[in-house]
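Trainee: Here is what each chain is made of, one letter per residue.
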Amino acid sequence: MLGPVLETLIGGLLTGVLYSLVALGFVLIFKASGVFNFAQGTMVLFAALSLARLSEFMPLFAALALSIAIMIALAYAIEFLVLRHLINQDSIILFMATLGIAYFLEGFGQSVWGSDIYSINLGFPTNPIFVLESIFPGGLLIDPTELIAATICAVMVLVLAVFFQVTRVGRALRAVADDHQAAQSVGIPLGQIWLMVWAVAGLVALVAGMMWGAKLGVQFSISLVALKALPVLILGGFTSIPGAIVGGLIIGAAEKLSEVLLAPILIRTFDLAGGGIENWFAYVLALLFLLIRPQGLFGERIIERI
Amino acid sequence: MRAPTAGEVLLSVDDVSLAFGGVRAVTGVSFDIRKGEIRAIIGPNGAGKTSMLNVINGFYQPQRGRITFKGQTRSRMRPYEAAIGGIARTFQNVALFKGMTALDNIMAGRTLKMRRGFFWQIVRMGPALSEEMEHRLLVEEIIDFLKIQHIRKTPVGKLPYGLQKRVELGRALAMEPDLLLLDEPMAGMNLEEKEDMCRYILDLNEHFGTTIALIEHDMGVVMDLSNRVLVLDHGVKIADGTPAQVQADRAVVDAYLGVSH
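Chains G and Z, in that order, are what the protein sequence lines are.
Read in order, the letters of the first sequence are residues 1352 to 1657 in this note's numbering.
Read in order, the letters of the second sequence are residues -19 to 241 in this note's numbering.
Just so you know, the hints here were simulated from the structure itself, not pulled from any lab data.
Built from N, CA and C at the ideal position, the CB exists for glycine as well.
Don't take every hint at face value.
To be verified - In silico contact screen, one side only, chain Z against chain G (beta carbon under 8 Å); selected entries: (1) N37; (2) R69; (3) A75; (4) L76; (5) F77; (6) G79; (7) M87; (8) A88; (9) G89.
What the hints assert, rightly or not - Listed next, with one range per pair, are the computed distances between beta-carbon atoms: (10) E1407(G) / R58(Z): 43 to 49 Å; (11) L1432(G) / T134(Z): 36 to 42 Å; (12) A1413(G) / G2(Z): 52 to 58 Å; (13) D234(Z) / N1439(G): 32 to 38 Å; (14) A1413(G) / R56(Z): 43 to 49 Å; (15) F1571(G) / K93(Z): 46 to 52 Å; (16) T1502(G) / R56(Z): 48 to 54 Å; (17) G1474(G) / F0(Z): 57 to 63 Å; (18) D(-6)(Z) / V1463(G): 46 to 52 Å; (19) K93(Z) / L1613(G): 53 to 59 Å; (20) D1441(G) / G2(Z): 20 to 26 Å; (21) D(-5)(Z) / P1645(G): 50 to 56 Å.
Starting from the given sequences, assemble the full structure and let the hints guide the process.
Mentor: Shown next, in the form of C-alpha cells:
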C-alpha cells in the first residue's frame, strides 16, 4: 500500500510544481494591481500555441526565443493600449479589462495560430524511471518528463521568488496595488511596474504552457489549467509568492492522493461510483480554507478600519 | 500674520483652464508660488482648489495654459516629472498604502532618491544595502520629527485618521521636496491635532525652508500660517494677496457668505 501511495504523492507533487508556476503568474499581477488576472489562463494557451506553431518552422530554441519576444510584446501592448488608460480606476474596472483581454486573446490566438490540437516536442526522455527498487517491490515509477518539467518550474519559481521577495521592487508593487495616485505622487513609475509584471507573467505563462502542452498537447483546454490555480491561490494567499509555491504542492499532492485514498472509502462505505474526485477535491479544500483562514496560509492579514 | 517673502518664483501657473466634459473646474487661473513661502489656496467647496493641485502635480491635464516649474515651461506636467522635479503632496482623503507599515510608507517616499536605477535596486546587497541603510536614517529622522516612533511598525490602515495624515506628511517629506502640496492637512482633526500639524508646517517652512502650498478651510489657520493667499470661486481667481488684503476683499466676503450680486 505504501508504495503506490508514495508513487502518487511524488506524481502529485511534480504536477503541483506546475500549478505553483501558473499560480505565480496570478500572484505577480495581483501584487501589482490588486486584481485577479482573468487572462492568465489564456496567456498560457496563447504562449503554448505560439511555441507549438513556430516550432513547426524552426528549431525549438529559436521558436522559444521568438515566443519570449511575443509575450513581452504582448505585455507592452496590454500596458500601452489598456492599463495606462485605467489608472485610478476601481479594481473592478481593471478586472473587467482582464476579462476583455482574456476573450480577445483567446479568439486572436485562434485567428493567428489556428484551432486544432498541436504538439510540442521538447525532446525529453520518455522511458519511465524506477527508484528505490530495493525498498519497494518493482520500485517507484517516475515519469521523466514530469520530473524535468518540475525541475524547470521549480528553478523558475525560486528565481522569481527571490527577485520579488528580497527586493525593494516588492515594496513598489504593493504601493501600486494599494493606491495608484499615491504611488505616482512619490514617483513610482506605474507603467514600468505594470509592464514588468505582465511581461514576467507572460514568461511564466510560456513556461507553464510549454510543459503542459508537451504533456497533453496544445489545445483550448490548456487555458483551464488556470482554474486549477484558483484553489492554489486561496490556499496560499493571493499576495504571497511562497504561498503560491506551497499551495501548488499541497493541491497537486492532495488531489492525486484523494483519488487513491478517498475514492476507495467512498466506494466501500457509501457505494458511490467514486470517480472524478481529483476534479473537485482541490476546490473543496479551498472552500474549507476560505471558512477558516480567508487570507490563505501566507497572505497579508486583511485590515479594514470601520 | 506673516509677511510675503521676496523669494524668486518657483512655480508659476499661467492662464490654466481645465474642464471635465462640459463642467469647467478651473478657468483662466494664473498665480505663482515663491521659493520659501507658505501659499494658501482657499475658496468654497467646488471652487477648483484640489483640481489646481492636481494640475500642478500632473494628475490632471489642463486644456489650456502653461505651468512653469524651476524655469521650465510646459503645457502639462506628468506625475513622474513632478515627483522627479521635487513636487511632493498629500491628499484630501489620505492616500496611504494601507497594508504597509508607517515605516514602509515613508520609505516609499525615498523611491526616487535611491541612486541605483529602478531595476538595479533589485539586488539588495553590498552598496545597495548600505544605501538602504542611509535612507533608513533619514526616514527615522522624519519619524522623530513627526513624533510617530510608537507607530512605526503599525500597518497604517489600523491608525486613527489624525495619525494617518501625519504619516502621509512623512511620506511627502521623505521625498525632500522643493515644493510641498498639502490638500487640507487639518481636515477631520481635533484642536490639539490641528495645533500639532500647524507647528510641523511652520517648522518645515522656517527651519528647512520648504516651500509649501496648502488648501485649508480653517480661516484662522490660513491667516496664521500663510504668506500669501489665493482665493478661487467656481474655478475663477477672485483674489490674490496677503492674508490681510484677502480678508478685506469684497469679492471674497461675498463668495463665502453667498451674497447675490
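Trainee: Is it true that D1441(G) and G2(Z) lie within 20 to 26 Å of each other by Cβ?
Mentor: With Cβ atoms ~24 Å apart, the hint holds.
Trainee: Please check whether G1474(G) and F0(Z) have a Cβ separation lying inside 57 to 63 Å.
Mentor: Holds - the Cβ-Cβ distance for G1474(G) and F0(Z), about 59 Å, lies within 57 to 63 Å.
Trainee: So, as I understand it, the hint says N37(Z) touches chain G; can you test that by seeing if any CB pair is closer than 8 Å?
Mentor: holds, 7 Å
Trainee: Hey, does the L76(Z) contact hint survive, CB to chain G under 8 Å?
Mentor: holds, 7 Å
Trainee: Tell me if the beta carbons of A1413(G) and G2(Z) are separated by a distance inside 52 to 58 Å.
Mentor: holds, 55 Å
Trainee: Does the hinted range 50 to 56 Å hold for D(-5)(Z) and P1645(G) at CB?
Mentor: The hinted range 50 to 56 Å holds for D(-5)(Z) and P1645(G), with Cβ atoms some 53 Å apart.
Trainee: Using the nearest Cβ pair, does G79(Z) come within less than 8 Å of chain G?
Mentor: Holds, because the Cβ-Cβ distance from G79(Z) to chain G comes to roughly 5 Å (cut-off 8 Å).
Trainee: Answer holds if the nearest beta-carbon of chain G is closer than 8 Å to that of A88(Z); otherwise answer violated.
Mentor: holds, 5 Å
Trainee: Tell me if the interface restraint on R69(Z) is satisfied: Cβ within less than 8 Å of some Cβ in chain G.
Mentor: At about 5 Å, which falls below the 8 Å cut-off, the nearest Cβ of chain G leaves the hint on R69(Z) intact, so it holds.
Trainee: Has the hinted range 32 to 38 Å been met by the Cβ atoms of D234(Z) and N1439(G)?
Mentor: holds, 35 Å
Trainee: Have a go at the F77(Z) hint: is there a Cβ in chain G nearer than 8 Å to its own Cβ?
Mentor: holds, 4 Å
Trainee: In this structure, is the beta-carbon distance linking A1413(G) and R56(Z) contained in 43 to 49 Å?
Mentor: With a Cβ separation near 44 Å, A1413(G) and R56(Z) satisfy 43 to 49 Å, so the hint holds.
Checked against the numbered hints given earlier, this structure breaks none of them.
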